[in-house]
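Engineer: Those protein sequences? They're chains A and B, same order as listed. If you want my numbering, it's the position in the first sequence, counting the first as 1, plus 5. If you want my numbering, it's the position in the second sequence, counting the first as 1, plus 7.
Treat the hints with caution; some may be incorrect.
Using 20 Å as the maximum straight-line C-alpha spacing, the simulated SDA-like pairs for lysine to any residue come out as follows [as the list claims (entries may be wrong)]:
#1 B:Lys171 - B:Thr15
#2 B:Lys113 - A:Ser242
#3 B:Lys113 - B:Lys171
#4 B:Lys113 - A:Ala257
#5 B:Lys113 - A:Ala299
#6 B:Lys135 - B:Lys171
#7 B:Lys113 - A:Ala293
#8 B:Lys113 - A:Val111
#9 B:Lys113 - A:Pro101
#10 B:Lys113 - A:Ala282
#11 B:Lys113 - A:Thr85
#12 B:Lys113 - A:Arg258
#13 B:Lys113 - A:Ala279
#14 B:Lys135 - B:Thr15
#15 B:Lys113 - A:Arg28
Hints were generated in silico from the structure; no laboratory data involved.
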Amino acid sequence: MSDAALLRTMLLCRAVEARLAARPDCGFQLFSAGEEAVAAGLCAVLGPGDQLLCSGRSIAPALARGLDPAAVVAELLGRTGGPCRGRAGRGHLAQPSAGFFGAHAVVAGNLSIAAGVALAFQAAARPGIVAVLFGDGAAGAGALHETLNIAALWQLPLLFVCSNNGWSISTPAAAHLAPARVADLARPFGIPAATVDGTDAPAVRDAAAALAAGIRAGGGPAFLEAVSVRLGPHSTSARESRTRADLAALAARDPIARLSAALGEALAAPLRAAADAAADAAFRTAEASPPATADELDDAA
Amino acid sequence: MPPEAPATRRFFREAIARALREEMRRDPSLLLLGQDIGAFGGPYRDFEGLLAEFGPARVRDTPVAEAAMVGLGVGAAAAGARTLVAITYMDFLMPALDPLVNYAAKLRFKTAGQLAAPVVVKTTAGAKGQGVAHSQCLEAWLMNVPGLAVVAPSSPGDAYGLLKTALRAPGPVVFVDHKRLFPMAGPVPDAEAAIPFGLAAIRRAGRDVTLATHGWMTHPTLAAAASLAEAGISAEVVELRSLAPLDIETLAASAARTGALVAVEEGQLPCGVGAEIAFRVRECVPALAVARVGARPVPVSSNPVLEAASLPDAPRIAAAARRLLRPSAGETA
């Protein structure tokens with residue numbers, strides 16, 4: 006995927022999230038602003054036979070994976086036009102037929118699930134790999150240790166990707182993680198690991214491509230740490246715990262501004278206009294979809 | 008099992024191994040995950056012979072990592088395999104409740120049917136001298152979760168038939184056996200047969216009181232019914248077999264005939280199996296006299312004296328029935 010295509014993806018993510026954030030019916034969301042390069046770079050190396058699982062910070066991963074933006078927005082707004090008929094929202098958004106096995110809003114909860122998907126691939130001799138995207142907040146959980154161990158023992162086709170934005174809600178990584186680099190957690194298991202600047206989309210893509218190639222060649226699991234930034238608060242209901250000066254420093258590391266500058270305004274401006282138009286169209290289509298009603302529950306009972 | 012069906016006497020562990028073997032042969036996507044289930048044959052020898060027939064790719068020994076074991080089983084099931092995860096002691100289901108409850112039980116609903124998790128978690132409940140963290144019966148916790156099926160056999164024949172159904176179910180099933188069942192033998196049908204979920208079984212017919220129970224407690228409850236008979240009290244024993252879904256119809260029909268219900272379980276009484284069935288049966292049979300028998304509200308010690316003192320047994324079950332039937336005693340639930 007070209008650098009321009011990466012920028013196009015990131016701009017769409019930002020445009021959709023910005024429109025959602027401005028709505029009174031926004032709901033409880035975790036935005037990816039500042040982490041779009043991780044989603045775009047990772048998804049650039051995933052093909053139709055692969056599956057992506059992620060945390061509850063799922064909007065950019067789903068859009069980067071190529072899900073129909075209108076369907077994603079419908080899901081976020083609780084409309085039946087969403088792939089989960091508005092039942093799942095951001096926290097559990099899924100469309101496995103599109104290679105997006107889905108979000109799971111329990112921190113570290115999707116790690117062993119993703120290993121299970123990879124086990125099913127391996128058991129059925131199915132080509133393709135599984136990627137699981139999680140935050141640094143998940144890196145202190147026992148689930149990561151258990152899953153790294155089994156993935157390494159069984160040589161599962163699994164790419165661990167940690168978007169290390171440095172914050173677990175209000176707790177800085179220095180206060181919740183002993184290792185300086187999350188990727189160091191994978192190395193004792195013999196798992197190839199790399200740390201990359203997660204605000205540099207082409208660098209994420211290239212690092213992910215190298216690790217994914219190893220997995221596809223039968224080398225077993227790999228681990229990518231992408232050091233990213235979280236430009237806003239943890240969620241739409243969480244207070245911002247960082248100072249204005251801190252936030253200004255983070256804004257200077259905005260991955261979209263970075264790639265736009267690298268590609269030049271002449272290329273970036275029309276991509277930005279196209280992303281805005283695509284996001285507007287997605288919301289228009291989504292709003293035409295009927296809201297979920299209590300009838301959805303009859304199906305579950 | 009109809010009495011006329013040809014059957015052969017088998018150990019409980021043999022019945023489980025046979026159900027696994029047949030389903031492994033029928034469904035090439037079925038994978039087994041568990042600690043010591045490979046060459047060792049399972050802690051209770053209930054996986055014996057499976058590694059030799061199906062190989063290490065389908066019969067997988069795992070690390071001691073219950074949360075990841077169930078997570079992998081659930082994820083693989085959601086992605087097109089079918090899996091059985093063996094959790095040696097039900098107490099160790101606790102670290103694995105996250106993937107089971109937060110993921111598997113929700114999956115079909117939250118994805119609007121795009122995904123489901125046909126996973127069986129097979130686990131062993133109950134007390135047999137192993138102490139406070141290896142003896143618990145946690146079935147009631149699981150009954151509280153929409154989206155989970157929970158079954159608990161008391162005999163080799165039912166273990167075989169219920170496990171067959173579990174391994175064909177569309178969603179997650181917790182199959183609960185019990186340490187004291189493994190040394191037992193009993194008839195298992197010679198022909199392949201599955202027992203549907205949601206069907207209780209009347210193990211002994213009676214007129215005066217209904218004793219409702221499940222799992223290992225079926226055996227002390229049958230012994231209690233025999234001793235009550237000597238005292239002139241005719242007790243009907245209904246074995247639930249399936250806890251979710253529950254067969255309230257069979258229970259209510261029995262209770263309507265006898266007018267009295269004693270719910271017996273090895274687990275704790277608060278919010279327990281007995282509390283649930285007593286309430287639900289009373290909704291159908293309003294004038295019913297009900298009582299519950301369960302563990303005392305203390306941990307289950309490995310000390311045999313303390314273990315026995317904390318758990319229901321046949322004399323306590325019979326005493327509860329006698330108290331319930333004595334008009335002056337009233338309701339004790």
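Engineer: Compare the structure with each hint and give your call.
Structural biologist: Now the hints, each set against the structure:
no., hint, verdict
1, B:Lys171 - B:Thr15, "17 Å, holds"
2, B:Lys113 - A:Ser242, "24 Å, violated"
3, B:Lys113 - B:Lys171, "23 Å, violated"
4, B:Lys113 - A:Ala257, "41 Å, violated"
5, B:Lys113 - A:Ala299, "17 Å, holds"
6, B:Lys135 - B:Lys171, "27 Å, violated"
7, B:Lys113 - A:Ala293, "28 Å, violated"
8, B:Lys113 - A:Val111, "13 Å, holds"
9, B:Lys113 - A:Pro101, "16 Å, holds"
10, B:Lys113 - A:Ala282, "36 Å, violated"
11, B:Lys113 - A:Thr85, "18 Å, holds"
12, B:Lys113 - A:Arg258, "38 Å, violated"
13, B:Lys113 - A:Ala279, "37 Å, violated"
14, B:Lys135 - B:Thr15, "27 Å, violated"
15, B:Lys113 - A:Arg28, "28 Å, violated"
When held up to the earlier numbered hints, the structure conflicts with 2, 3, 4, 6, 7, 10, 12, 13, 14 and 15 and fits the remainder.
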